[in-house]
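J.: Sequence:
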Amino acid sequence: MSFDLSVWALEDGATPEDVRAAVEGCRQGRHVDRYPDPRVVAFYRAITASYPDRHPGPDSPWAVAPLHAAHDHVELNLHPTCADQVLLDIERLAGEHGLMLFDPQDGSVYPPPARLPG
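Numbering (the working numbering), first residue to last: 1356 to 1473.
It is worth saying that the hints were derived from the structure and are not from the lab. Mixed in with the good hints, there may be bad ones.
Ranges between beta-carbon positions, derived for each pair [stated by the list, open to error]:
(1) Gly1368 x Ala1418: 19 to 25 Å
(2) Ala1418 x Leu1443: 26 to 32 Å
(3) Asp1414 x Arg1382: 25 to 31 Å
(4) Ala1418 x Glu1446: 17 to 23 Å
(5) Gly1412 x Glu1372: 35 to 41 Å
(6) His1434 x Ser1463: 19 to 25 Å
Backbone N, C-alpha and C define an ideal beta-carbon position, used for all residues, glycine too.
Can you make the complete structure from the sequences, with help from the hints?
T.: Here's what the structure looks like:
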């Protein structure tokens, strides 16, 4: 069993409902074939620089590797016992790259800090 998260690059003004709709579309196999969003690419490179997903070692946080990366999102399947620092790094990097964070365990969506009403 894994603890799952995903990060999403949607248009400015996207709502939690938009993220949930995108997640559902992905689950149903609806994917648009287009060039990867630069925010997704930057997030993927940053998170895998710290926690490699190709030939991961025994201390890897990934329950499924390599990570599932699409043009608009990255799915992160984590071992339930992974270090809290991994989750903090995912949250920080999602914010730095303007990505919305989706928690499928309870359906919560967390917008990047810059998008939170001030």
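J.: Against this structure, judge whether each hint is valid.
T.: Going through the hints against the structure:
A C-beta distance of roughly 33 Å is found between Gly1368 and Ala1418, which places it outside the suggested range of 19 to 25 Å. Distance hint check: the CB atoms of Ala1418 and Leu1443 are about 18 Å apart, inconsistent with the given range 26 to 32 Å. For Asp1414 paired with Arg1382, a C-beta distance near 30 Å keeps the hint of 25 to 31 Å intact. Between Ala1418 and Glu1446 the C-beta distance comes to about 18 Å, which sits within the given range of 17 to 23 Å.
As the Cβ distance of Gly1412 to Glu1372 is approximately 39 Å, the hint placing it in 35 to 41 Å holds. Between His1434 and Ser1463 the beta carbons are some 20 Å apart, a value that agrees with the proposed interval 19 to 25 Å.
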